[in-house]
Amino acid sequence: MTAKEVADAAQVSTSVVSLVLNGKHTGRVGAATREKVLAAADELGYRIDGRGRSLATGRTGIIGYAAPDVNPFFAVVQTGLLRELNPDYQVITVATDLQSSAARANLSQMLALGPDALVVSTVEPERIRELRPRCPVLILDAPEVESDYPRINVDVDRSAAELARYLTGLGHRRFAYLDLQGGSRTIHVRRNAFVETVRASSPECEVVHAESPVDAEAARALVRDRWLAWSRMGITAVACGSDPQAFGTIAALHDLGVDVPAEVSVVGADDQSFSTIVQPALTTVRIPALEMGRRAGSVVRRMLTEDVPVEVEILETELVVRDSAGPPPGAPR
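So the sequence shown is numbered by our numbering: it starts at 36 and just counts up by one.
Since the hints were made in silico from the structure, they are not lab data. Built from N, CA and C at the ideal position, the CB exists for glycine as well. Heads up, a few of these hints could be off.
[As the list claims (entries may be wrong)] DEER-style ranges, computed between Cβ atoms:
#1 V345 with A297: 49 to 57 Å
#2 S48 with E353: 43 to 51 Å
#3 D294 with E179: 34 to 42 Å
#4 D77 with A297: 15 to 23 Å
#5 R234 with A366: 18 to 26 Å
#6 A147 with P364: 56 to 64 Å
Can you build the whole structure from these sequences, using the hints too?
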């Protein structure tokens, strides 16, 4: 099978086939023509020889994506990245917190493949510099970080403060904050913004802190274990660092016969797909994970063709009010 056969099937020139299949079509080949070429190549089973292309162009067609783990948020970011970069580039993902030697080894092995660019979520830039990547690097979700790499962040501090104001506005004064295990800057920024806003609203406000993995069952077990102590402290709202933890919290309270939201309000973060299915439907902060992935893919394309300034793009969040939060017991409804 040859490029000429693909060109004949798509009724284009071999140069157009080369541009499309080598990812060089942007601004040079129309969308309809590109689709014709891709359809013809797929039907004929034609594939570019990656090793030959790498030797000829100095490119591998590989984009590396490193995320702390494979929780649903990062999976959605990856989906956005894939939608923006496929079929021109192959995205290889490594799930790592970049703190263990095994994690660093995994990322080093990916870098040994010679990716054309590296996208990294929720990591300190100095950890990336230690690996000495020889390709452009884009950092995602690393708030309050100074870096010589371009970054795409989310306004986690503003959204956490907005969530805190919403709950204190309902009348809550005693809170449990169920955080994500781990030491990423995003986690600290979000928690600090929430806690500071709550405490600034009234001298009566208190926040107790707990941590669990980003897993519904882990959160469920923790809340079942802690609830007796929390209830004696007068806690009427549980703010979770992720939606899965909120799902687990609601399940634990249901297990214990505690009504949500009549007795306790529960809120999350991310606005994952199950947020509208869980009962009661979850009040949460919508974080634009898919858009982050798409924007990352778009920036990567630019990085491979031009000098991209070292700047920070901030994506906005949205408070989504549903049914899992209400006034505390005894407050007007």
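Quick rundown of the hints versus the structure:
no., hint, verdict
1, V345 with A297: 49 to 57 Å, "holds (50 Å)"
2, S48 with E353: 43 to 51 Å, "holds (47 Å)"
3, D294 with E179: 34 to 42 Å, "holds (38 Å)"
4, D77 with A297: 15 to 23 Å, "violated (55 Å)"
5, R234 with A366: 18 to 26 Å, "holds (20 Å)"
6, A147 with P364: 56 to 64 Å, "holds (59 Å)"
In the structure shown, a violation is registered for the earlier hint numbered 4 alone.
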